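J.: Just so you know, the protein sequences line up as chains X and D, in that order.
First residue of the first sequence: 1, per my numbering; consecutive thereafter.
First residue of the second sequence: 1, per my numbering; consecutive thereafter.
By construction, these hints were calculated from the structure, which means they are not laboratory data.
On a predicted model such as this, the values are computed, not experimentally measured, just so you know.
Fair warning: there could be bad hints in the mix.
[Unchecked claim] One-sided and incomplete, this derived list gives chain D residues near chain X with beta-carbon spacing under 7 angstroms: (1) G50; (2) F70; (3) G161; (4) I190; (5) P197.
Ideal Cβ positions, reconstructed from N, Cα and C, are used throughout, including at glycine.
Protein chains: 2
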Amino acid sequence: MFQIPDWAFEFHGHKCPFMPIGYRMGTLAMQKLRVNKSPNHEMHVLSEMGVGHPQGCMQDGIMASTGATFGKGLIEKLYYGKVAATFWYPEKGGIRIALKNEFADSLAPHEFFKFRKKGIQPSEIPEDVRQDIINRVLKATDEELFNVKMLPDFKYTPLKGSFNKTKCEVCGEYVFERYLRIKDGKKVCIPCSGQEPAEKGFYYPGFEN
Amino acid sequence: MFQIPDWAFEFHGHKCPFMPIGYRMGTLAMQKLRVNKSPNHEMHVLSEMGVGHPQGCMQDGIMASTGATFGKGLIEKLYYGKVAATFWYPEKGGIRIALKNEFADSLAPHEFFKFRKKGIQPSEIPEDVRQDIINRVLKATDEELFNVKMLPDFKYTPLKGSFNKTKCEVCGEYVFERYLRIKDGKKVCIPCSGQEPAEKGFYYPGFEN
Numbered sequence: 001m002f003q004i005p006d007w008a009f010e011f012h013g014h015k016c017p018f019m020p021i022g023y024r025m026g027t028l029a030m031q032k033l034r035v036n037k038s039p040n041h042e043m044h045v046l047s048e049m050g051v052g053h054p055q056g057c058m059q060d061g062i063m064a065s066t067g068a069t070f071g072k073g074l075i076e077k078l079y080y081g082k083v084a085a086t087f088w089y090p091e092k093g094g095i096r097i098a099l100k101n102e103f104a105d106s107l108a109p110h111e112f113f114k115f116r117k118k119g120i121q122p123s124e125i126p127e128d129v130r131q132d133i134i135n136r137v138l139k140a141t142d143e144e145l146f147n148v149k150m151l152p153d154f155k156y157t158p159l160k161g162s163f164n165k166t167k168c169e170v171c172g173e174y175v176f177e178r179y180l181r182i183k184d185g186k187k188v189c190i191p192c193s194g195q196e197p198a199e200k201g202f203y204y205p206g207f208e209n
Numbered sequence: 001m002f003q004i005p006d007w008a009f010e011f012h013g014h015k016c017p018f019m020p021i022g023y024r025m026g027t028l029a030m031q032k033l034r035v036n037k038s039p040n041h042e043m044h045v046l047s048e049m050g051v052g053h054p055q056g057c058m059q060d061g062i063m064a065s066t067g068a069t070f071g072k073g074l075i076e077k078l079y080y081g082k083v084a085a086t087f088w089y090p091e092k093g094g095i096r097i098a099l100k101n102e103f104a105d106s107l108a109p110h111e112f113f114k115f116r117k118k119g120i121q122p123s124e125i126p127e128d129v130r131q132d133i134i135n136r137v138l139k140a141t142d143e144e145l146f147n148v149k150m151l152p153d154f155k156y157t158p159l160k161g162s163f164n165k166t167k168c169e170v171c172g173e174y175v176f177e178r179y180l181r182i183k184d185g186k187k188v189c190i191p192c193s194g195q196e197p198a199e200k201g202f203y204y205p206g207f208e209n
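Please work from the sequences and hints to get the whole structure.
T.: This is how it looks when you write it as structure tokens:
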């Protein structure tokens, strides 16, 4: 049976089947690309998940197994609403891995999802129910779980970074150079400039700064 | 001295000072809001970090201490280029925590950054150099590290999710309902529709799907 370290559940915060699915997806990507976990800024992941739907927990598993973390800027969402991701590693090309419909269908009738659809949060679901569905993920073969497509020509160019920063001349806080704007001749941060960020994640309704 | 569990470094992939700064930031936010680590979908974090600059590692520390993870959809980037974040917890309001300029300035001359600015990745920096700068973070007081602003009236409305999904009538893959589009009368996924996603993260130059 596939093993997942306890700390990955500790990081994630609860026991559910999708963190392990993502952990296995990341592990398979590394095997197929013949690479190890990324200590620094090696692997980049383009996750096809979006917002407003379940199963995003997969992404915490991907980060835990591959080291391609959100903090290190190595995982992005493509907002396609699919349980799939493309993994790219320098000089190794890419690989797309998607959860098989058949495996999703085989899990769907499980008691775990009956609780979830009633609005019960994962940590409140009985432990034996959670462990049972996790074991199904851990016992499945890679072939039962995933469709795999090698993408040897997949191109990805990581953004070149800069250490330059300056204090905003209005609020006084440090700002990295990319995000400085000019207002009345002064170098200011985006909130002090009154401008919108040029880059945006998804805008959640209801967020008022 | 503040303690950080080994698994948080294991998750992050390397030892650096900014993962611990984020871990402490998240810990302080939980203390001030009088809440515990989020097992499910409680705390939401709006990070002021962007892309193309260092110190994003902070966000891995925030996720590790608070449980507000990327996979669970609980952390977003605001793309302001600042080492700061706002934490919101249901019925508790918000808090903004920013790294003090003075603390950033006190770390800046450290040998760790001389290596980093030469392009040397964190895992390649000598262990004693890394441990020394981490200890500076762990030994500092919250007052030395952070500016804190309570935001009792901060409003945030988490997106309401849906479990509904359908197979794309072209590629056959499952798609969550929010991301289905219509093409020639068929329900299809965004890539099969030829449309652009309505929601986007930051577009990296060089990414060709």
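J.: Give a verdict on every hint.
T.: Against the structure, the hints:
{"no.": "1", "hint": "G50", "result": "5 angstroms, holds"}
{"no.": "2", "hint": "F70", "result": "4 angstroms, holds"}
{"no.": "3", "hint": "G161", "result": "5 angstroms, holds"}
{"no.": "4", "hint": "I190", "result": "5 angstroms, holds"}
{"no.": "5", "hint": "P197", "result": "4 angstroms, holds"}
The structure fails none of the hints (numbered hints given earlier).
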